[in-house]
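Enquirer: Line by line, the protein sequences are chains S and R. FYI, in our numbering the residues of the first sequence are 41 to 333. FYI, in our numbering the residues of the second sequence are 41 to 333.
Wrong hints could be hidden among the right ones.
Taking lysine to aspartate or glutamate and the EDC-like style, the derived pairs with C-alpha atoms no more than 20 Å apart in a straight line are [to be verified]:
1. R:241 / S:248
2. R:147 / S:179
3. S:202 / S:226
4. S:147 / R:248
5. S:241 / R:248
6. S:153 / R:248
7. R:153 / S:248
Hints are computed from structural coordinates only; laboratory data are not their basis. Please read all numbers here as calculations on a predicted model, not as lab measurements.
There are 2 protein chains.
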Amino acid sequence: MQQTNSTQIVSGKDIAQQIKNQVKTDVESITKQLKRKPQVKSFIVGDNKESKLYLKLRNKACFEVGIKAVQHEFSEAVTFRELANEIEKTNSDDQVDGIFVQLPLPKHLDAQKVLSCIHPSKDVEGFTAKNMGRLVNNDPFLVPCTPQAVMHILNHHQIPLKGSHVVIINHSTVVGKPLALLCLHENATVSVAHVFTTNLKAITSQADVLITAAGVPNLITKEMIKKDAVIIDVAIVKTEKGITGDVDFKQVKEKASLITPVPGGVGPVTIASALQNIMKATNASLKVKYINE
Amino acid sequence: MQQTNSTQIVSGKDIAQQIKNQVKTDVESITKQLKRKPQVKSFIVGDNKESKLYLKLRNKACFEVGIKAVQHEFSEAVTFRELANEIEKTNSDDQVDGIFVQLPLPKHLDAQKVLSCIHPSKDVEGFTAKNMGRLVNNDPFLVPCTPQAVMHILNHHQIPLKGSHVVIINHSTVVGKPLALLCLHENATVSVAHVFTTNLKAITSQADVLITAAGVPNLITKEMIKKDAVIIDVAIVKTEKGITGDVDFKQVKEKASLITPVPGGVGPVTIASALQNIMKATNASLKVKYINE
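Chain S on its own, in the form it takes in the complex (with noise of 0.2 Å):
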């Protein structure tokens, strides 16, 4: 964590890395009880080269912490049927321990269809039906990284939930609505805010914790901003530039009290958040493993 004036600056790469050592000592204690690594297998579809760079980096940091991972690529001309059929039967391969589903998918398949084919033990993003549900009835399994990675950065720096008012710029079902969730069973107050939010300013302007994942660069200025708010910015969004999230980096650290970075900041915890998934799935099917001997 490095210091400008008094604002603190996330490192997203130091959170993540004491997640991933605590993920490899019991990746350490599971290998030697399963008597083989725990295994995550990958579907890919198509020729999307953010998603390869996106799986590359996520099957690295399973080879850092002693998970195997392996991937099935499909041409992109896949049809649903041959994709369910291979996820189905991974579902019963008690070699593998969680899935992953590579988003965006071709328009032709439906990604909620399709993801709906994992079977929620393996479910490692936690994007089914069951394990949302899960979540909702705060009574949680695997919990989509991301919304996590938010959840495990706001703990790291003991940012306290309870009575504050956090405010999410995203109501999509991948970050903001598990977020919002999550933030609830905090006790926190919860504003979410979107695309079709008439006045952003207004309720930005109310955040004691900001949590933005809008994909639109400069969107979150320091006029937009409470003094000493707490700033994560979830966007990753490709300029000429490089890499950007939804914030005015530079301006908004002389007003807030902890901001993240992008890049550098949530990305590396989500990753770490996902390698935790694959553990907690993995931990699962070896307790069943043991009830079914």
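Given chain S's structure and the hints, the job is docking chain R onto it.
Expert: Only chain R this time, still in chain S's reference frame:
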């Protein structure tokens, strides 16, 4: 719908009746197809008077539209296993289309654990993880009745939600969280407040639509709302003066554009929504029957 000055006062009875009329038509048609009436079974534990009254009202409503309603009563001392066994038997009883477990349950029973015994296809209160998750994923099947009732009232009165600021006072799994999800799916900006919210008035006074379910009589006064706000009062509190909600109805109705009374507002529509859910469950089981034949 009555009028006070220009304030619309919602008639929950009228809206409920419209829904019931539609359900009745559906029941007649499906009774012919099934060659029996749709059937719902309610499980009730102990001697809670309010629970018994509510159950009586719901059973009466079922009877009115032609749904068979039976109940299984248990003593306060019933164990989790005994109750779970009976629920599981009913899950596989193809004469029963829907299951209610009347809340609250005695303290020795974990409500979440009991509810999760209900098969999602018969979960007519929409509390199981599978149904909650389908709601998060904007692929709803059986949605909790009270939030659904609020949406019916807003739809009936053509209240625009897209871009509106909806404030919900309640962050429970039964009301606040599913309601927030439903409003987000309509592209409202949504704020969720509750007992830990530090400056409630600052939040409520922003609401284009205020939905309150705190159970605190006179919590919402005219100073706390914006002129011409829509006020939906979900609370039902027994006081010495009778049943009341959270809203100081007399003064707030002068400032609001639309308001629900208590009693006679959300309550009757909630029961009508339960009937709709029974029909959804029955229709789904009929489809499965056709597939298996």
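Enquirer: Hint by hint, note whether the structure agrees.
Expert: Checked hints:
Between residue 241 (chain R) and residue 248 (chain S) the CA atoms are separated by roughly 17 Å; this keeps the pair inside 20 Å, and the hint holds. The straight-line distance between the Cα atoms of residue 147 (chain R) and residue 179 (chain S) is roughly 18 Å, inside the 20 Å bound, and the hint therefore holds. For the given pair, residue 202 (chain S) sits about 6 Å from residue 226 (chain S) by alpha-carbon distance, which is consistent with the 20 Å threshold. As the CA atoms of residue 147 (chain S) and residue 248 (chain R) are separated by approximately 36 Å, the hinted pair breaks the 20 Å bound.
With a C-alpha separation of about 17 Å, the suggested pair residue 241 (chain S) and residue 248 (chain R) falls inside the 20 Å cut-off, and the hint holds. Using a Cα cut-off of 20 Å, the hinted pair residue 153 (chain S) and residue 248 (chain R) is violated, with the two alpha carbons roughly 35 Å apart. Taking the CA atoms of residue 153 (chain R) and residue 248 (chain S), the gap is near 35 Å; set against the 20 Å cutoff, the hint is violated.
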